[in-house]
Amino acid sequence: MNTAGLSTDQAPPLEVPATFYAIIPLAMVTAGALLLAEGGMLLASSWLPRTIALVHVMTLGVLAAAMLGSLYQMVPVVAGSPVPAIRLSHGVAGCLVVGAGALIFGLWSANARAIQLGAIALSIALIVFLVPMAVALTRASGGETLLGMRIAVTCLAVLAALGVRLAWGHAGDMPSSRQALLVAHVDLALVGWVGGLISAVSWQVVPMFYLTEAFPRRRAYAIAIAVGVSALAVTVAALAAASVTWIVVAALPGAIAVLLVEPFTLARMIPRRKRRRSDPTLQFWWSAIARAVGLGRRDGARHAHAHRAVPRVVPPLRGRSGGRAADEAPAPRRSRANAAVGPRRHHGGRPDRDREPRRSARARDRRLHGDHRGAARQRAPRGEAPGARGMTAG
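Residue numbers for the sequence shown follow the numbering used here, so the first one is 36 and each next one is one higher.
Hints may contain errors.
As the list claims (entries may be wrong) - Label-pair distances were calculated between CB atoms; the ranges are: (1) 145 with 210: 26 to 34 Å; (2) 74 with 170: 44 to 52 Å; (3) 44 with 287: 18 to 26 Å; (4) 200 with 178: 15 to 23 Å; (5) 98 with 244: 20 to 28 Å; (6) 42 with 213: 27 to 35 Å.
Hints in this document: simulated from the structure, not taken from any laboratory.
Ideal Cβ positions, reconstructed from N, Cα and C, are used throughout, including at glycine.
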């Protein structure tokens, strides 16, 4: 692990991010229960109230919980600026659970008061989170990762404001530009908040954990600027009650940056890493890259080896070995002596079936001593068997 440039001594107590991570299993169980209750009806349309409730179980209970908890840990370490009033993070987690639960219950049961209660609790959670986080990000001095974090947190603030306005509309004060605000809310969440923050964090953690080359600095700044410009354009278009088409067009630069430029750059960096060992975290990165560039299957049933599909489908990502995926380390070569004694045994005493099969004792003897017998035949005179001269002399 390369920890150069990191302030590991500034990391908060482990209980701070762990409090947010503990929310994720609860949200996953809730999402599964809702799917069991309604089945395929929740997937019939994206705009059904109960479908929106299921979406917010994942966005608030899983994504928001994981990303808020990670920011509490990443900002002090990466930027070297501790978040003030860190103990308030427990209150943020509590308000997040209450607000998300009330909002989901209100959308599920068409209860306007529950939706408003959820909007109030979520507003408190985000304000208590955003103010100390903004102080920490403002005091810090850094490069492209810090810029990406600032843009992502700004997108979170704007999309939260739009979400509260849409939630408050369920009490009868629905804005006339509801469709524009809704599309802007989704674009800012996917491109600016989730895509922007994951991209910014990857510029730091991928070289740190996998010992790859540094992410190209100019490209990182270009991605951050594209996300920021798209977020600003989407916000202005939504407030101006522009058409949905213009809002989608405004989000295109940021979407291209985080869904194409960023994944393809990572897909070229990871195969050239110094840490050759593959682990589940690396496979998750490959899976995310594959889905970002459209190589993943919708059902996800055959997506376990998507990290191997990317280098094979995209020609520039193929390794020197031709058909082998670029992230697979080549098998070590074996000497003739090692090959003669059969395959190596791994843990558990089972031979590796991919290697050369075990030879019989006669074949091993022929391979090991054949060269010596051949040399003896060449040195013996014509018509005299090898070893006859020594027998006569004896």
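Here is what the structure says about each hint:
1. 145 with 210: 26 to 34 Å: violated (19 Å)
2. 74 with 170: 44 to 52 Å: holds (46 Å)
3. 44 with 287: 18 to 26 Å: violated (42 Å)
4. 200 with 178: 15 to 23 Å: Violated: the Cβ-Cβ distance is about 35 Å, outside 15 to 23 Å.
5. 98 with 244: 20 to 28 Å: For residue 98 and residue 244 the Cβ distance comes to about 21 Å; the hint holds.
6. 42 with 213: 27 to 35 Å: violated (44 Å)
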